[in-house]
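Peer 1: Given next are the chains, with one letter for each unit.
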Amino acid sequence: MTTNTAPVPKRKRRRLDLAQIPANTARGLDERLQLSTPLRRAFNKVFPDHWSFQLGEIALYSFITLLLTGTFLALFFDPSMAEVRYHGSYVPLQGVEMTKAYETSLNLSFDVRGGLVLRQMHHWAALLFMASIIVHMFRVFFTGAFRKPRELNWMIGVLLFWLGFLEGFFGYSLPDDALSGTGLRIASAIMLSIPVIGSWVTTSLFGGEFPGTEILPRLYIMHVLLIPALLVALIAVHMALMVKQKHTQFPGPGRTNSNVVGGRMFPGFVIKTSGFFMIVFAIIALLGGLVQINPIWVFGPYGAAVVSAGSQPDWYVMFLDGSTRLMPAWDIHLGPYTVPAIFWPTVVLPGLLTVLPLLYPFIEARMHRDKAMHHLLQRPRDVPARTALGAMAIAFYCVLLISGGNDVIADKLDISLNAMTWAGRIGLLLAPPIAYYITYRVCLGLQQHDREVLAHGVETGIIRRLPDGRFIEVHQPLGGDGHGHGLEYVGAPVPKKMNRIGAVAPAVRGFFYPIEKGAPPRPPAAPISPASGPQELESSQQPHA
Amino acid sequence: MSTTHHDQPSSAEPYDVDDPRYSRFDLVREGARRDGVQIVHYAPRFPVPGTKAEKRVERAVALQLTLSGLFALAFVVAYIWWPWRDPIGSWGANLYTPILGLTLGASLLFIGMALVTFAKKLLPDEIAVQERHDGSPPRDEQVLTSTTALNLVDETGIKRRPLIKLAFLLPAAGLGAAAVAPLVGSLLKNPNDGHILLKTGWDPALNGGKPVPLVRDDYTPIRPEDVSENGQMTVFPGIPGGTTSTYGDSPVLLIHMRQSDADALRTSIAKSEATHNEVPVVAGMWNNFVAYSKICTHAGCPASLYEKETSRLLCPCHQSQFLTTDQARPIFGPATRKLPMLPLDVQDGHFVARSDFLEPVGPAYWERPSQL
Chain E
1 MTTNTAPVPK
11 RKRRRLDLAQ
21 IPANTARGLD
31 ERLQLSTPLR
41 RAFNKVFPDH
51 WSFQLGEIAL
61 YSFITLLLTG
71 TFLALFFDPS
81 MAEVRYHGSY
91 VPLQGVEMTK
101 AYETSLNLSF
111 DVRGGLVLRQ
121 MHHWAALLFM
131 ASIIVHMFRV
141 FFTGAFRKPR
151 ELNWMIGVLL
161 FWLGFLEGFF
171 GYSLPDDALS
181 GTGLRIASAI
191 MLSIPVIGSW
201 VTTSLFGGEF
211 PGTEILPRLY
221 IMHVLLIPAL
231 LVALIAVHMA
241 LMVKQKHTQF
251 PGPGRTNSNV
261 VGGRMFPGFV
271 IKTSGFFMIV
281 FAIIALLGGL
291 VQINPIWVFG
301 PYGAAVVSAG
311 SQPDWYVMFL
321 DGSTRLMPAW
331 DIHLGPYTVP
341 AIFWPTVVLP
351 GLLTVLPLLY
361 PFIEARMHRD
371 KAMHHLLQRP
381 RDVPARTALG
391 AMAIAFYCVL
401 LISGGNDVIA
411 DKLDISLNAM
421 TWAGRIGLLL
431 APPIAYYITY
441 RVCLGLQQHD
451 REVLAHGVET
461 GIIRRLPDGR
471 FIEVHQPLGG
481 DGHGHGLEYV
491 GAPVPKKMNR
501 IGAVAPAVRG
511 FFYPIEKGAP
521 PRPPAAPISP
531 ASGPQELESS
541 QQPHA
Chain H
1001 MSTTHHDQPS
1011 SAEPYDVDDP
1021 RYSRFDLVRE
1031 GARRDGVQIV
1041 HYAPRFPVPG
1051 TKAEKRVERA
1061 VALQLTLSGL
1071 FALAFVVAYI
1081 WWPWRDPIGS
1091 WGANLYTPIL
1101 GLTLGASLLF
1111 IGMALVTFAK
1121 KLLPDEIAVQ
1131 ERHDGSPPRD
1141 EQVLTSTTAL
1151 NLVDETGIKR
1161 RPLIKLAFLL
1171 PAAGLGAAAV
1181 APLVGSLLKN
1191 PNDGHILLKT
1201 GWDPALNGGK
1211 PVPLVRDDYT
1221 PIRPEDVSEN
1231 GQMTVFPGIP
1241 GGTTSTYGDS
1251 PVLLIHMRQS
1261 DADALRTSIA
1271 KSEATHNEVP
1281 VVAGMWNNFV
1291 AYSKICTHAG
1301 CPASLYEKET
1311 SRLLCPCHQS
1321 QFLTTDQARP
1331 IFGPATRKLP
1341 MLPLDVQDGH
1351 FVARSDFLEP
1361 VGPAYWERPS
1371 QL
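If you're matching them up, the sequences are chains E and H in order.
Mapped onto our numbering, the consecutive letters of the first sequence carry residue numbers 1 to 545.
Mapped onto our numbering, the consecutive letters of the second sequence carry residue numbers 1001 to 1372.
So that you can see chain E by itself, here it is in the shape it has in the complex (with noise of 0.2 Å):
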């Protein structure tokens, strides 16, 4: 810029300057892609930080660790349902029949270097899946996450618990052993008791009767290639609607519903985040390598003769198993047509179950008569209607989740297994009206015991007679009066132990409560000035002078 001054030879200009080269490149790159602002932007991105926020990053990191070991697990199966002789180095099964399927799962369990252990970190992996985002819709659900403007992310992410949920079902009937064969001829019932296009959709499906030679190669191309797309996109679209509305946060000082307060995306949120990964991934890796699931030699090739006691799904297809087993016998005979009892519980349930928390949203919003924009999140005992409904709905979850192991419990315990059944279809209309109220009446005592703090003060334990003979706990004043006259109530956790109050940290952090200390002097060594902007954060930060 200056060298009108100081004329150079022009050969030496021409000299490769390595220390340049990256400068160079980025206003090369610059130049033609204008990747300066946004860049910046990613960087500048906040992030707030609170526990609850990393549910859904284990659902996303156990979904690429489902993509590595499933793409590894793919060059070694075949899904062909031809009939094979087995020769492998399982001993047991030398010689016995079975499909290509099955024989290609064995060999990956016995003949691969390392099929075992990637085969059950798969499998470890789609239950983490499933576990993590069934939580996460959980945080989602109880601090009203899903209100305006997010309704669309919500319902994105209930698409995303029934694609996981087929991908994982579909996942572990690929390896054809007694288990996922009789798991196969269940779904191939629950199609069958579709009213009027029942037995058109499962003969279309199988290819003729049950098991036919299609299905598996069918189920396989959807595994591998058509809801992994589908889960790849849908994810995209939840990552990119997540970054453009920014996160929602807890109440707090300095913490409006205008703002975003947290740690600048780079490096800190990054460098976190990658180890929170690398940490989910260790966990994976160590369940798939020291806890034994889905033992398939141990079960044998699927017949349609063969099954044992204890036949159990997948922890997240058991509920539906739990509801099918509750169903009472309950055939309708339409004049000569049938539908039979299977469809209510497999079909019409998770029908319901999926278009109900779709709609939630609009159903909540519409009661409320609510069109605001919420980007302050709400504590469950704030809401407690709302809150009582979750539990309500974990309550039913819970009673089908339990019936769809009865047999097990029955026999673990040596309770009747008639009793069992019994208990669930009781316990599925009592549990959740009383799980309603119990939750409904903590909310409003959690929220009593705040309004009495932030009114009178913490209780210190320190008991005073008056001069008139009286005696009164002390209580330490929050703020206002000190007499009734209190803070306001907001929704943001309250200090409730003595001499730590008025101490809230700038923001409010810890795992699982607010570590509430002593709010820092002044830091004298920012490298910055105190901000010229808003006030409202700093004076937020001294809640009583």
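Just so you know, the hints here were simulated from the structure itself, not pulled from any lab data.
It is possible that some hints are incorrect.
[What the hints assert, rightly or not] Capping the alpha-carbon separation at 30 Å, the derived lysine-lysine pairs in DSSO-like fashion look like this:
(1) H:K1120 / E:K497
(2) H:K1120 / E:K244
(3) H:K1338 / H:K1308
(4) H:K1189 / E:K100
(5) H:K1120 / E:K412
(6) H:K1120 / E:K496
(7) E:K497 / H:K1121
(8) E:K246 / H:K1121
(9) H:K1121 / E:K496
(10) H:K1271 / H:K1308
(11) H:K1199 / E:K246
(12) H:K1199 / E:K100
(13) E:K244 / E:K148
(14) H:K1338 / H:K1189
With chain E's structure known, arrange chain H on it following the hints.
Peer 2: Positioned in the frame of chain E, the structure of chain H alone reads:
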């Protein structure tokens, strides 16, 4: 580290990024400001560099990284040189998978911990506030965009060209059908073709019109003496491929009943015969032997757990229970129909099925013949 105010250009003049008075962090802050981000708190974790506490954290991170590398190396060494080909059951084969999982898991765990420790303990402590700008866009923007969209339709003039509009429907419908046809057409399979849902491997037509013999899974025929009293046996149709999944609806449970149970069953059959005139069912038994379809009428699992004391068949999938002394009537659980009975006979001392099942086997469906 901190910069003081009098060094900086006053905020009145336009921001000159080349102004040497700005420190690097001033530029960072300006960039953040332009992105709607305000860094309100920013402090190093260790204000005094090189303290013992800082060194301890540094050493911890370095140790975790080293361990991660060593375990990764151990994974590769074990993967290549572990004697995993030893016979199944030997320690070499047994420990291969745990060793791989342990070394890979430990390596990943340590690098994960190192990264998290690094971010939480060594990166500056910061609080940044980003403004949201997500109210609904200005109304005039909405109006301009929607008008442009409406104009798109006007530009095509499709509204005053009804002929083209109508003509467009034809390729739309045609191509739509053409797109769906290959998928539906190739997959579609009529369940009534050959009555695949009604017929099983016991159809005499599959055995050249002769009754199909009952065989074990190795195709050996069965004599009445082979099943002891109160015993049972899973049998298959004695036709080519009869024991394979090709005849997935054909497995049958052959039961040699106790005298009292057999009498109870005969009474039950006589009763249905009297009320419903279900003549063919009577012929189902042969002496004290009875054969029930193994395919549960609820969801198709093998209903094959035989409880000898109570003479019940239990399906392990959804716990339907069938009473063998009452024509396998469902007495508990979600199943609604009896297990079909196979008409038994003995020819030349071996069991045969005199005909196919008299009603459809397995789960119900919409158009299932329900007269039985």
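Peer 1: Quick one: which hint numbers does this structure break? Sort them smallest to largest.
Peer 2: 5 and 11
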